Amino acid sequence: MAHKPSLLIVDDEVSVARTLQMVFEQEGYKVASAHSCAEALHLLNNGGRYDAVITDLNMEQPDIGLDVARAAGGLKPKPVVVVCTGYASSDNSRKALELRVDYLATKPVDLKELVPALNRMIAHRQDLKVWK
Amino acid sequence: MSARNSTPPKTALVVVSDLEALTGFQSALTSRGYVAIIARDLPTALLAITQHYFDVAIVCSRLGEGGDGWPLAGVLHLVFPRAFIAVLSPGDPDVVTFQAAINNGVSEIYDQSRRPADIVGAIAAQSSGGTTSSGETVQ
Chain E
1 MAHKPSLLIV DDEVSVARTL QMVFEQEGYK VASAHSCAEA LHLLNNGGRY DAVITDLNME
61 QPDIGLDVAR AAGGLKPKPV VVVCTGYASS DNSRKALELR VDYLATKPVD LKELVPALNR
121 MIAHRQDLKV WK
Chain D
1 MSARNSTPPK TALVVVSDLE ALTGFQSALT SRGYVAIIAR DLPTALLAIT QHYFDVAIVC
61 SRLGEGGDGW PLAGVLHLVF PRAFIAVLSP GDPDVVTFQA AINNGVSEIY DQSRRPADIV
121 GAIAAQSSGG TTSSGETVQ
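Chains E and D, in that order, give the protein sequences. Going by this note's numbering, 103 is the number at position 103 of the first sequence; the sequence numbering is gapless. Going by this note's numbering, 109 is the number at position 109 of the second sequence; the sequence numbering is gapless.
In case anyone wonders, no lab produced these hints; they're calculated from the structure. Being a predicted model, the structure only gives us computed values, none of them experimental. Please note that a few of the clues may not be correct.
Okay, the calculated bits of chain E under chain D, using three or more residues with CB under 8 Å as the criterion [as the list claims (entries may be wrong)]:
#, region
1, 43 to 50
2, 103 to 112
3, 115 to 128
Heads up, the beta-carbon is just placed ideally off N, CA and C, and yes, glycines get one too.
Using the sequences plus the hints, can you model the full thing?
Here is the structure:
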C-alpha cells in the first residue's frame, strides 16, 4: 500500500482548518490540525513528524506563523512548508524567503493551485530521499 | 601528494539576455574560482541544464524575447535542489516578486542594477555552506 503523506494544518480560524483538512483527507493525506502557533509548536517540538506543514501567518500575533515555519524548517527530515496568508507584505514575505519556506499562498487560497503544488513538492521530496 | 585544493570548482549558470551584464557576471564568477556557463535565452539555458551540474544559478527574471526567468528558476530548483538560485529583478521586490521567488525555490533576489561583482560577492558569501559539484559538503 502506498505511503499516506502526513500533513499538519495550522490556522486559528477553525472553519479554514477544517475545510483544508477535509480537502487534503480527500486527497489521501493523514491530517492533523492545530489552532494556534503555540499548539503547533507543541506538536512539532514533541515528536510530531509530518511530510508537510501548512500554516497561517497571523494567529496569536501578526506574522507568528513564521515561528511555525522556522520550527518545521529545523526538523530532520524537513517537511514541505507552506505559508497561507491574507496579509502578505514585503516584510513578511522576505522573512518567509529567508526561512526557505517552500510555498507562499495568498488567501483566499486557490485550492486548484495549492493541492497539486503540495502533491508535487511532496513527491519531489520523496524522490530525493530515494536517490540519496 | 597534498590533499589540499582537491575540492572541485563550483559551477555556475548565468542566464542574462544583456551581453554586457552577462560578461560582467562571467568575469566576476571566474575571478572567484567558479566555472561559469552562460546563456542568453531559455533554450540555451535548458540545454546547459542537461549537460552540467550547477552549484549556483543567476537568472534574470526578464529575459526579453528569450523567455521568463521565474519558471526557469523553478526548473533549476527541481533539477538541482541544493543549488543556490539567485534571481535578478528590477528595483525593490514587492510581495508578488517574493511569492514568485518562494514558489520557484529561489534562494535570493538581487536588484539587477547592482554591479555583477557585488552580486557575485554576495552569492559567494551566502552560498558557502552549500555543496560542490561532486556532492561534497563545503561548510
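Verification of the hints:
1. With 0 residues carrying a beta carbon less than 8 Å from a beta carbon of chain D, the region 43 to 50 of chain E misses the three-residue requirement, and the given coverage is violated.
2. Evaluation of the coverage hint for the region 103 to 112 of chain E: fulfilled, as 3 residues show C-beta separations to chain D shorter than 8 Å, against a requirement of three.
3. Here's how the region 115 to 128 of chain E fares: 3 of its residues keep a CB closer than 8 Å to some CB of chain D, so the rule of at least three is met and the hint holds.
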